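Please arrange chain C with the ligand on chain Z, whose structure you already have, making use of the hints.
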Amino acid sequence: MSWEPRPAPEINPETERYWSAAADETLLVRECGDCGLVYHYPREYCPDCFGDDVDWREAAGTGTVYSYSVTRTMSGWPEEDLPLIVAYVELDEGPRLLTNLDCEPGAVDIGTRVEVRFVPLESADAAVPVFVPLEE
Amino acid sequence: MATQSPVYVAGAYEHPTREAPDKSTMQLHAEVARGALEDAGLEKDAIDAYFTAGMPEYESGLPPLIMADYLGLDVSYADTTDFGGSSYISHVGHAVAAIRNGTCDVALITLAGRPRSRGQATGSGARAIRTAQDSFERIYGATNIGMYGMAAQRHMHEYRTTAEQLAEIRVAASHHAQFNEHAMYQDPVTVEDVVSSRVVADPLHLLDCCVISDGGGALLVVSEDVRSRLERECVEVLGHGESVGHHRAGRIDLTRTAAEESGSRAFDEAGLEPTDVDYASIYDSFTITVLEAIEDLGFCEKGEGGSFVEGGTLKAPNGALPFNTDGGGLCSNHPANRGGMTKVIEAVRQLRGDANDEVQVNADIALAHGTGGSIGTRHGAATVVLGGEDR
Ligand SMILES: [Zn+2]
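Chains as they are written, first to last, in numbering that gives the first Met the number 0: chain Z, 0 to 135; chain C, 0 to 390.
It is worth saying that the hints were derived from the structure and are not from the lab. Note that the coordinates shown come from a computational prediction; the quantities given were computed from them, not determined experimentally. By construction, the Cβ of each residue, glycine as well, lies at the ideal position given by its N, Cα and C atoms. Keep in mind that the hints are not guaranteed to be accurate.
[As the list claims (entries may be wrong)] Here are a few chain Z residues that face chain C, going by a calculated C-beta distance under 10 Å:
(1) TYR17
(2) TYR40
(3) ARG42
(4) PRO46
(5) MET73
(6) LEU90
(7) ASN99
This is chain Z alone, in the form it adopts within the complex (with noise of 0.2 Å):
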């Protein structure tokens, strides 16, 4: 799975840590002081209970695929990298993450146990975090 010339990830204030330690091969999600919920995607206040105690968590790196869509057609995106697995994984701390599954169709189904791969990006301090079916 190459990335660039896919589109990459705009990197801000709020989210550049999550980026950086994806480049150390680390997933982060966001976790509540106040209200205990474990988050993704990154935000300063708690999309819950709107607290600020906030912090960053070192996630497992496993989950499980929640749904997924194999798609076969999309203009403007690189032809090498179609068909292309599109998927929810719920991550063992709770969220779902939108993320793609490097792997063959055929290899992934609701329920797959997957684990986190790191793709570098060449444009920054950065990498873009994907999932394969974990080897059990």
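Just chain C with the ligand now, kept in the frame of chain Z:
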């Protein structure tokens, strides 16, 4: 001073074109505005409120300023609420509130766009990174159809819904489209045709997707006072509800939409139940959009949408819940990628007896429901319940 006086849809007009290579988008806005005025029997000067969700092809924003200037409108109220295809149903509700508040008497709502002529990448196109969320979604190739595909996949997983059941929705829409001379696709299709069409994003096939069309539509919403001076048969807005569904901090449920809230609010305001609905216009960007809306609006239990749509339930005139009798977005028209407008227009036609003869339902109560954005990430839902004059 807010009142609960009745408010009406007095004019409705759908642009007849589905491809408009030689027109400007603003021109289409003007053409549909003229059409709605003529339908209602009103003059342009009567308009004192204007609603549009804008021109998706233009980046500049400020749609009420740009469009009021182009159309030459002097208004005391302007609204540009934009949550995609549900916007135009929401505008009906907002117009009712503004009229009841005494702010205005005649609200014009317009939609126009030319995605087909512009060759715009729509449901299956990669899009630029613009919002905070895009950096966590679009980098992965999250397209509209891919996200609806994920919803369908999850619905199938939880409730054993089948591709053949989803196909029934297209079959019913195509049955209606054969009677609509303006419909983009007029040939009836079978379940087999749908499930054997090419897969765009599993489990959705090409025929699970709506058309891409140029054109537009317009509505005129008026006060009791204005309506009493009109010759034209009007349709009463009995109830409206809207809601925003989103990612829930990572707890999104792909099998449920905000129609649960928008629908129950609209029914509560109307004092009616889903069983009172004789005809339903339901936004059909994809077949799964319809299936989840049918469940969430309360026409059947959650998870039973698949069996509900089997056996011709959605076919006019004799099905239990005739829907999208113009052919809908799936077969007829999805102007500017925002089909909510045509949902209201066909509901108005049904209540006035102006639908095509073969699909005319004897309807006293109709519902129009829109789903805008993506149920895979974040979406708007808006519902109106409409009543005929002689109900
Ligand atoms: Zn919190």
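Going down the list of hints, with the structure as the test:
| no. | hint | in the structure |
| --- | --- | --- |
| 1 | TYR17 | 9 Å, holds |
| 2 | TYR40 | 4 Å, holds |
| 3 | ARG42 | 8 Å, holds |
| 4 | PRO46 | 4 Å, holds |
| 5 | MET73 | 5 Å, holds |
| 6 | LEU90 | 8 Å, holds |
| 7 | ASN99 | 5 Å, holds |
In terms of the numbered hints stated before, the structure departs from none.
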